[in-house]
Each structure stands twice: as C-alpha cells, then as structure tokens.
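2 protein chains.
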Amino acid sequence: MGEASLALQAALRQVAVEIDRQFDLLLPVPQDPRADLYRAMRHAAIGGGKRLRPLLVMATAQIFGVDRACAARVGTAVECIHVYSLIHDDLPAMDDDDIRRGKPTVHRAFGEAAAILAGDCLHALAFEVLAAEATHPDPFVRIELSGALAHAAGPAGMAGGQMMDLEAEKASFDLPTVTRLQAMKTGALIACAVESGAILGRIPPEGRTGLRGYARDLGLAFQIADDILDAEGDEEAAGKKLRKDAGRGKETFLSLLGLDRAREQARLLVRQAVEHLHAFGSEADLLRDIARYVMERDR
Amino acid sequence: MGEASLALQAALRQVAVEIDRQFDLLLPVPQDPRADLYRAMRHAAIGGGKRLRPLLVMATAQIFGVDRACAARVGTAVECIHVYSLIHDDLPAMDDDDIRRGKPTVHRAFGEAAAILAGDCLHALAFEVLAAEATHPDPFVRIELSGALAHAAGPAGMAGGQMMDLEAEKASFDLPTVTRLQAMKTGALIACAVESGAILGRIPPEGRTGLRGYARDLGLAFQIADDILDAEGDEEAAGKKLRKDAGRGKETFLSLLGLDRAREQARLLVRQAVEHLHAFGSEADLLRDIARYVMERDR
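For the protein sequence lines, the chains are R and E, in the order given.
In this text, residue positions in the first sequence follow UniProt numbering: the first is 1, and each later residue adds one.
In this text, residue positions in the second sequence follow UniProt numbering: the first is 1, and each later residue adds one.
Everything labelled a hint here was simulated from the structure, so no lab data went into it.
Warning: the hint list may mix true and false statements.
The list that follows gives simulated cross-link-like pairs (lysine-lysine, DSS-like), each with its CA atoms no further than 30 Å apart [as the list claims (entries may be wrong)]: (1) R:K50 / R:K250; (2) R:K241 / R:K170; (3) E:K170 / R:K103; (4) E:K170 / R:K170; (5) R:K241 / R:K103; (6) R:K241 / R:K50.
Facing chain R, from chain E, some residues (calculated, C-beta under 8 Å) [to be verified]: (7) P28; (8) V29; (9) A109; (10) A113; (11) A134; (12) P137.
Every residue, glycine too, gets a C-beta built ideally from N, C-alpha and C.
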C-alpha cells in the first residue's frame, strides 16, 4: 500500500474495519452441527483482502451524500459475492489453490464439501442482506441493487467470465476475447460496485455514463495489474500463489501485449478512468485515488 | 404419478411444460466459450423433475387470483435454487452421484468445474429473475420474494441443512435434530414456495399462518416419503441412486422410527397439512391434492 494517497490509506483502513465488523455481525457461529459452515465463511470473509469492491461502493455513494451505514451494508453484499467466488475458484476442480490472503484456502482448512457450501451460503447471504429493510428503506432501491448484483454475478458476468477462463486453458484466445473474458470475470463485479453507489445515490441510469466508463476502465486496468503481479509479484506480499497463468499456457494481457505494452495500457486505462470523472469535483477524489492505486498495489 | 388426482396430474403436466419453457427462454446457448456452461445449466434444468416447488408457488398464487405468468416466473426462480442445489449436492465432494433424473449428473456430463459454475449461475439467475420488472410490477413484492428465497437458500435454510446432513454421517442425530435438519434441508425451500404464492397474493405475514402450517407439515411428510423411497423405491422409476442413507450410517426418519411408524407419521402429517387449509374452500383443492400425492409418488 506504499503508493496509496494518505486519504486512500485512511479509507482502506476504515472500510476494512467496517466490512470485518459487518461479517462478524452477520456470521455468529451457532452451537449446532452448522458450526464449521459458519467458521468456514468467517475464515474466508473476515480479516483479509483489499476490500476494493466495498470501497468502490462507499466511495461512489459518498459522492451523492448517501448514508454511510447503508453503503457499508451494500458493500458487504458485493463482498459476499467476491468472497464466495474466491472460495469456489480455489477448489481442486477449479484453480486448486492452497493459499489465499496468506491463509489456507477454505477447502484446505475445512474440506471441499464445507467449502462448496460456504461459498453457496455467502452467495445467498448477499441477496438476503440486500433484501433487508435495514440496508435501504426504499424497496425500489433494494431490488435494483439486487438485480444489478445478480446480473454481475451470473453467467453474463463473473461466473460466465470464470467459465471462459477455464476454456482459456484449452483454446488460444486473442486480445478482444481476453478483454471480454476479463470484463466479465473481474470487471462485472467492480462495475456493479460503482453502479451500486450510484443506485444508492438515486442517480438514474442515464446519469451513470461517466461512472460506468470509470468502472470499465478501472476494471481492465486492475486486471492488467493483476496479470503483471502474477508474473512479477512477491508471493508473500500477495498472500496467494503466483506464476499460475504462464504454467497453464493461458493467454493473458501480459502474454499478448508483453510487459512494457501491458504496463503502458494499464496506465492509459487509469488516465481514462480518471477522465471519465470530469463532471465531478473533489467529492470524487477518492475514486480518482483508487484508480491510480490499482497500478501500484503489491497484492 | 399413478395416485395423483386427475386435476393434479393435469397441473403437474402443465407446470412441467411451463417451467421447461421458462428455462429454455432464460438459457439460450451463446456462440462463445460459455456454451458448455449454458449446456450444463440446460442439462440440469430442462426436462426433468417433478417441479413440486413451482407447482406449490403456482397453486398457492392461484388461490389469490395471481396472474399465472407472474407465478410461473417466481416458480422458475425457486426451481433455479432447487436445481443448483442438486448440481452441487451431486458433486464428488458431496454425495458423489452419477445419475439424476435418469440422466448423468452435471459433473459426469460436463466436468466438475463446469458443474460448480452451472450451479453458481443458476443460483444468481434465481435472483435476477426475481428482480426483473417482468416478474411483478411492484418492487416491494419483488424484494420480499427475493429476501424470502435468499433466506430459504442460505445457512439458515437449505444450505445449512445440507451442512447438517454432511455432519450426520459423523454424528448420531436424534429425532429432534433430524427433524430440524430436514426442516432446513428440504423444508425451507418448500415453505418458501408456498410463502412466495402468498407474497404474490399480497397476503400479509399475519395472514399466512395456515399456509405456513401446511408447508411445514408437507415438507416433513415429503422428506419421510423420500426416506421411504430411498429404502424401498425402484431406482429406475426414481431416476437416481437409492439406498444411500443406510450405506452411510446416517440417521433418518426411517432409521429412527422404523418403516411402519415412519409411514404412519407421514400420513398424519399429510392430514395435518390438509387441516391447516380449513379456512380455504375449493380454491385450495390443488394444494390438498399435492399433500396427499407426496405419500404416493414413486420418484
């Protein structure tokens, strides 16, 4: 986090505390045979991760003066989806990873069956959180959030992108296909986080163009940075296994563009992302800081 | 289906056609690397199953004169959750089943990774369907449906019950614990189907007591009948592997009560379920027929 602005560092710290607190409240371990299920969810959900998606919800919502507690709950719902996807992606049948966020993956710590169910439970929990009146008093806002998140998580978004990613090991994708894959696999949920902030701010779809452009470019820059991190990063700092893409013969932004052009492309995307915010004043500075930060992070 | 009333037989046929049609419309196979993901979802979702849960949504909604197309969409959402749970339950790390609804299970036909993702996608799709304006014009109805389904699917419902079921292989549960397990594992989604019909009918929670009692007793009767089917049924008619519980040393209603008392208990529950509908006239006859049918089915 060395290169994050002071304001961003403070925001990252604050959102980390807030999201941990939300998960702690949502997931009390019951004294019954489901105890390990809850422990598995807590293991995955609490005390780790950059919390980029909740931060995007909250930083966007803040532009429009949205109540911070509402935004934190919506950020938690989006993070539920992100965490469930990590649990399932790490499974032996998928990426078969042993380490995540510096800890054993859920199936290593609790077994495969509990890991599948813990992912499924966090998936359902996201929509239970969004449906609760405590999240937002207006049912129209809640159902719009719910629809946006379901779309971003499903076959046209994150899970569809993950399927393309599995196919990428067998095929040889070109740059437009890799771009589409990544726009779905990581981009859709990042875009949904920003969109959720705008929905909370009651900005109608036609008023979200700038934010959508920001989120799209941010998502791609984030993924290119992730590819670079996979190739060049430090496993200990990243808290997960690296050097995976090359070992599987998968085309990535890095393999298709080379390191220099990939880095240049990511910088260009960050600049573009920031430019999409031109209609906003200093109230969008945190979003600008986030865009710059995605290139500098080490995990 | 030999013992189903003529009205129920017609309703079962009609709902089967309608739900297949909904899934066919929702899941067009794309011409891109996600094709197998959609094929896997279609394999699991189309052309099989009793469609008991959509039927319960529609039969309950019909009591209150709800538009049939709305009820069919909500029934499809509930069935999305049921089908996803079957895909995940069949995985090698869970029940490790090869046959479901007379066909190879999804992981046998498409591989484990695609099966995990197909389940995840149907899970998300359920909430996308509920959020769509086409499902119901009133956002309050849609978000109430969404919250009820998320709760029924999550750790306090179906997935929590599935976790208890896994633990049942290690522990020796007593009758109250098995009852609670089954009330969560299969009962929660059955109850949600009936509740969804009442939500569509704009019946406030305090007006749903009879229907809730019906659904609770129906769910338990259904599960006892399922246990009996597992022990006594014909694998070909059932379209899935039977005799699984005994092989795993799991306590069930059958192992705890014995065949005669289990059958008697199920019959009592069916009678009770029907009695819970005393406030309704002939408009609830289909729900009554469904309750009687759960004891007679062979799959």
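Results for each hint:
1. R:K50 / R:K250: 26 Å, holds
2. R:K241 / R:K170: 21 Å, holds
3. E:K170 / R:K103: 27 Å, holds
4. E:K170 / R:K170: 40 Å, violated
5. R:K241 / R:K103: With Cα atoms ~11 Å apart, R:K241 and R:K103 stay inside 30 Å; holds.
6. R:K241 / R:K50: Judged against 30 Å, a Cα distance of about 16 Å means the pair holds.
7. P28: Violated. Min distance 11 Å.
8. V29: With Cβ-Cβ at 11 Å, over 8 Å, it is violated.
9. A109: Check failed: Cβ of E:A109 comes no nearer than 14 Å to chain R, outside 8 Å.
10. A113: 5 Å, holds
11. A134: Interface hint status for E:A134: violated (11 Å vs cutoff 8 Å).
12. P137: This hint is violated: E:P137 lies away from chain R, its Cβ roughly 11 Å from the closest one there, beyond 8 Å.
Going down the numbered hints, you'll see the structure goes against 4, 7, 8, 9, 11 and 12, while the others check out.
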